[in-house]
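Engineer: Sequence:
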Amino acid sequence: MFKIFSSKKIQILTIVALTTLVYSNIFQNGFVSDDRGFILKWAPSKKISDIPKVLVGDGPPFRKEATYRPIRDTLYVLYGQVFGTSTFGWHLHGLLVHLAVTVLVYLIVDSLIRDHWLKTEGRIRDNSRMEANVKRIKANEQMGHLLPFIAALLFGLHPIHTEAITFMTSSMDMIGPLFMFGSFYGWVKGRGSRESRGSWWKWKVGSVGLAGLAFFSYEMTLILPILILLYEWTIGKNFQFPISNFQLFKKRILVYLPYFAAALIYVFIRVFLVGRYPGQANYWIDATSFNWSRFMEPEVILKYLKILFFPINLSFNHVIRPGFDTFLAWVNDPAIFDNYQLWPIFLALIVIAAILVLAFKIRQSLPLLSFGILWFFVALLPFVNILPQPALMAERYLFVASFGFILAILALLDLAPKLTRRVVIATLLLFWGTLTYLRNSDWQNGIKIWEAAARVYPQSALAYNNIGKEHVDREEYEKAIPFYQKTIELRPRYFYALNDLATSWRKVGKLDLSEKEYKRTLSVNPNYIQSYLGLAQVYRDAKRYDLAHSTLLSALKIKIEDTPLSDESFSNLQASIYNDMGLVLEKQDKVKEALEAYARAIELDSQKVVAFNNWRGLIIKNPSIWKEVGGDLGSFAYPPIWELVEKGEEYILISDDRRFRIVIEFGEVAESLSSYLEKQTETFGELVSEEFTKLSGFDSTYVKIWQDGEIHKIQFFLFRGMRVVKILAYPSESSLKAIVDGIISTIHVDNTN
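Numbering (this note's numbering), first residue to last: 32 to 784.
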């Protein structure tokens with residue numbers, strides 16, 4: 032039955048085929064959660080020429096201040112140019128990364144099985160490990176060939192990896208673990224393989240190089256040097272540091288030094304050159320709350336083990352205990368600590384300690400099991416909130432740690448009777464593969480993934496909140512409202528949901544309900560600036576401009592130290608306040624004050640395009656203020672944001688967006704109007720029409736319409752006394768007409784000779 036799988040090529044092809052099969056349905060999935068920011072917005076906006084900036088830290092703006100992953104971010108730029116916003120390419124990346132890591136798992140386990148002592152009847156001398164292992168493989172050749180195959184299949188088909196692979200943004204992070212597994216394989220081959228003894232240095236150089244790529248792709252791979260030491264201590268044969276023999280001691284240290292040096296180089300560049308410090312969290316919670324939630328990590332680790340053994344209730348958001356969801360930012364209500372109990376933490380610590388003690392005790396008798404257990408715990412170190420993380424737990428955090436779990440499963444199965452072993456393996460592969468395929472369908476879109484989370488944890492307010500947000504992103508505000516209401520039912524003081532509910536009521540025109548919820552939000556968090564902006568919008572929609580203005584003034588009183596915001600985020604919100612204040616003042620016909628508010632918004636946030644357009648539009652609509660704001664030539668006024676070029680009596684105005692031109696020329700008339708007009712022989716295309724008309728402030732006005740290809744041009748001759756003003760404006764559009772009318776209304780002509 033197993034002879035067909037005796038060939039390595041057949042085994043690898045089978046691994047690739049089955050893993051591809053269970054992930055074949057991911058290509059129908061769309062963008063979810065962070066995908067929108069990283070892939071839809073940032074990656075396509077970058078060019079190849081931006082890569083040098085990316086390498087020195089100019090990565091995606093989302094959590095930019097806390098991460099430095101230049102290799103990953105460079106891939107984002109390259110993929111953005113190649114794939115754009117097509118999901119196929121991004122999913123293909125995820126699948127290929129998973130296939131590559133799965134094949135590396137096969138190769139690593141194959142090296143462990145064939146080149147090291149894994150299980151004997153007793154303690155065998157170090158120098159006889161290889162011989163003992165060869166005898167063991169010969170005694171059970173079939174299982175020896177199948178163990179790497181089974182390990183890779185268990186890893187490739189385990190549903191816990193769906194979040195790491197099917198979630199496109201997460202799959203980009205997994206480029207780091209790919210390099211890390213490659214580096215670890217290079218170490219194993221270079222240190223223990225009989226076949227590579229003659230070229231061990233090539234494996235070592237390649238291994239160190241891949242380690243560097245791993246560190247600069249994903250900082251969570253900095254555990255690699257520890258994993259290498261762990262391997263040598265449990266399975267390897269080179270974990271010897273004889274202090275009495277200095278030369279041998281130095282030799283042993285130098286073996287590991289390049290990996291630690293690569294890690295230190297990354298840390299130095301990140302902290303001292305780029306200025307990115309460890310810790311990614313940006314919490315709006317009480318400091319005591321944060322400390323308590325950090326201590327919940329032992330419970331989280333046991334939950335990881337549970338979902339690894341029984342991956343039937345996977346979720347984008349896990350509830351560790353009531354009130355404590357995956358995302359720490361969700362922990363903002365001190366009331367959840369009222370009944371906080373410590374005994375689950377102590378119980379979890381006891382269980383973890385027992386497992387670790389077991390791993391140490393069996394290091395010599397069952398090294399593979401010991402190594403697998405310790406790998407699992409070490410691989411989780413970056414995610415246990417020693418340094419603040421944005422989440423208490425996440426399934427994607429298990430991508431590396433699960434390898435240790437798989438090794439431990441292998442070691443335990445190796446102890447079982449042959450029939451039991453086969454039944455368990457077949458059951459796991461079928462069960463896990465099916466669950467993976469089904470779980471992938473949950474990632475089709477944001478609504479589906481959060482609906483799945485709500486099914487697993489119906490008490491999770493976060494799941495309902497995010498379903499509401501997904502509907503809001505689709506502008507389905509009426510559909511969002513019941514989910515926000517459910518969120519608030521579960522967590523009455525969750526001000527984000529209160530604010531979003533208020534916004535949804537405003538979007539559907541229920542201003543009274545919206546006002547009520549905004550006020551409720553501010554009663555919970557009086558420093559939440561977004562609610563002031565929303566409440567002011569309600570008052571503006573209801574034409575209650577005085578209340579809108581006073582609400583915005585209240586928002587301006589909030590200080591940055593009263594919020595969790597960065598300087599940039601706070602400045603941007605201040606810009607929004609001033610922009611909205613400009614809109615209110617404009618409605619109150621306070622043009623000068625409105626212009627000042629818009630100008631302040633632009634000053635605070637130079638990217639505030641809306642504020643600039645409002646400022647620009649207000650200027651254009653009010654020619655009476657052009658002189659006051661800098662667009663005064665004496666003979667006429669113009670929008671000060673336009674460029675002015677003077678050529679004697681001729682003036683050329685060019686719009687700020689370079690779309691429009693207006694040419695103005697002042698002259699004299701020493702003859703009759705008809706004679707003067709007959710002498711105007713210049714042409715600007717094909718003459719479409721011409722006629723006299725009447726404009727206030729002028730004795731007579733003559734207008735010509737020209738067609739120059741696709742462009743319409745309009746020409747004015749404005750007569751007053753013995754003076755004439757010639758105006759040529761193009762392309763003739765309604766927006767340009769308003770400017771021309773404004774300029775004409777400000778023209779001052781001295782009609783004396």
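Careful, some of the hints might be misleading.
[Unchecked claim] Cross-link-like lysine-lysine pairs, in silico, DSS-like; alpha carbons within 30 Å at most:
(1) Lys-658 with Lys-710
(2) Lys-735 with Lys-678
(3) Lys-72 with Lys-757
(4) Lys-744 with Lys-652
(5) Lys-550 with Lys-621
(6) Lys-72 with Lys-84
(7) Lys-588 with Lys-618
(8) Lys-618 with Lys-678
(9) Lys-517 with Lys-337
(10) Lys-588 with Lys-574
(11) Lys-652 with Lys-550
(12) Lys-588 with Lys-621
(13) Lys-541 with Lys-574
(14) Lys-233 with Lys-282
(15) Lys-678 with Lys-658
(16) Lys-40 with Lys-588
(17) Lys-574 with Lys-623
(18) Lys-768 with Lys-618
(19) Lys-735 with Lys-757
(20) Lys-547 with Lys-658
(21) Lys-282 with Lys-334
Hints were generated in silico from the structure; no laboratory data involved.
Engineer: Is Lys-744 within 30 Å of Lys-652, Cα to Cα?
Structural biologist: holds, 22 Å
Engineer: Run the distance test for Lys-768 versus Lys-618: straight-line Cα separation, threshold 30 Å.
Structural biologist: holds, 23 Å
Engineer: Tell me if the straight-line CA distance from Lys-574 to Lys-623 falls inside 30 Å.
Structural biologist: holds, 20 Å
Engineer: Is the straight-line distance between the alpha-carbon of Lys-72 and that of Lys-84 30 Å or less?
Structural biologist: Distance ~18 Å between Lys-72 and Lys-84 Cα, so the pair holds.
Engineer: Need the status of pair Lys-40, Lys-588: alpha-carbon distance at most 30 Å?
Structural biologist: violated, 69 Å
Engineer: For Lys-652 and Lys-550, compute the direct alpha-carbon distance and say whether it is at most 30 Å.
Structural biologist: violated, 35 Å
Engineer: Hey, Lys-282 versus Lys-334, does the alpha-carbon distance stay inside 30 Å?
Structural biologist: With a Cα-Cα distance of about 42 Å, the restraint between Lys-282 and Lys-334 is violated, given a limit of 30 Å.
Engineer: Is Lys-658 within 30 Å of Lys-710, Cα to Cα?
Structural biologist: violated, 34 Å
Engineer: Assess, step by step, whether the Cα of Lys-550 is no farther than 30 Å from the Cα of Lys-621, and give holds or violated.
Structural biologist: holds, 27 Å
Engineer: Measure nothing beyond the straight line between the CA atoms of Lys-72 and Lys-757; if it is 30 Å or shorter, mark the hint as holding.
Structural biologist: violated, 47 Å
Engineer: Regarding the pair Lys-547 and Lys-658, is the alpha-carbon distance no greater than 30 Å?
Structural biologist: Status violated; Cα separation ~44 Å.
Engineer: Check the hint pairing Lys-541 with Lys-574 against an upper bound of 30 Å on the C-alpha distance.
Structural biologist: holds, 14 Å
In terms of the numbered hints stated before, the structure departs from hints 1, 3, 8, 11, 16, 20 and 21, listed from lowest to highest.
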